[in-house]
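Put together the whole structure using the sequences plus the hints.
Chain residues, written in single-letter form:
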Amino acid sequence: NAGVTQTPKFRVLKTGQSMTLLCAQDMNHEYMYWYRQDPGMGLRLIHYSVGEGTTAKGEVPDGYNVSRLKKQNFLLGLESAAPSQTSVYFCASSYWASGTNTGELFFGEGSRLTVL
Amino acid sequence: QQQVKQSPQSLIVQKGGISIINCAYENTAFDYFPWYQQFPGKGPALLIAIRPDVSEKKEGRFTISFNKSAKQFSLHIMDSQPGDSATYFCAASMRKTSYDKVIFGPGTSLSVIP
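The listed protein sequences derive, respectively, from chains A and B.
For the first sequence, counting from 1, position 91 maps to 1550 in the numbering used here; every step adds exactly one.
For the second sequence, counting from 1, position 104 maps to 1553 in the numbering used here; every step adds exactly one.
I should point out that these hints are in silico values taken from the structure, not numbers from a laboratory.
Some clues are possibly wrong.
Said to hold, decoys possible - Part of the chain A face toward chain B, derived, beta carbon under 7 Å:
#: 1; residue: 1490
#: 2; residue: 1501
#: 3; residue: 1509
#: 4; residue: 1512
#: 5; residue: 1560
#: 6; residue: 1563
#: 7; residue: 1566
Heads up, the beta-carbon is just placed ideally off N, CA and C, and yes, glycines get one too.
Listed below in structure tokens is the structure:
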């Protein structure tokens, strides 16, 4: 059982270049998320999706776009990369537990992006 | 107020000692408080969690203490081991209309030395 898989694991971009990070989950989870992790700031939510074909903005959405064309996949795009987007990006998924908040997220291993 | 505060930023503990990490929140709408453990090069993974109607939860060497009136909670790691060396994130979660919103603290880097 692979869980949550992210590709690529490492990427170096020049300012202004574009790229897409791919996240795939095999747990049939409805909800998927993209976080960025920066030193001393914890994990901040970029965008999330509550189901196939739906996306919504999180805490720090500027400069990013997302798409969820299939339930198992969630793509994060950077149209014009900036040095401030140098970070480690984590994809996560979760399920909806009827009647109770579980708050449990299942994370991938991360994608380290450097923008020069 | 959606912020979750966490301290200390880093912690060094002798093997066999007790590691203590503290967190605080403001919003009383939070109803689930998980702790995540992250090893270098890996994603965070759920370690232990508590709901606000319980004052303490213990799983093996890991214990969460919860003070609802003070809006504070803490993680205690008893008999700390070098294998516990990792970054620990506390979090607070609330149920929204369509998903469970999770807010993370900034993290604590724990080093357990032999």
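Hints not upheld, ascending by number
Violated: hint 4 alone.
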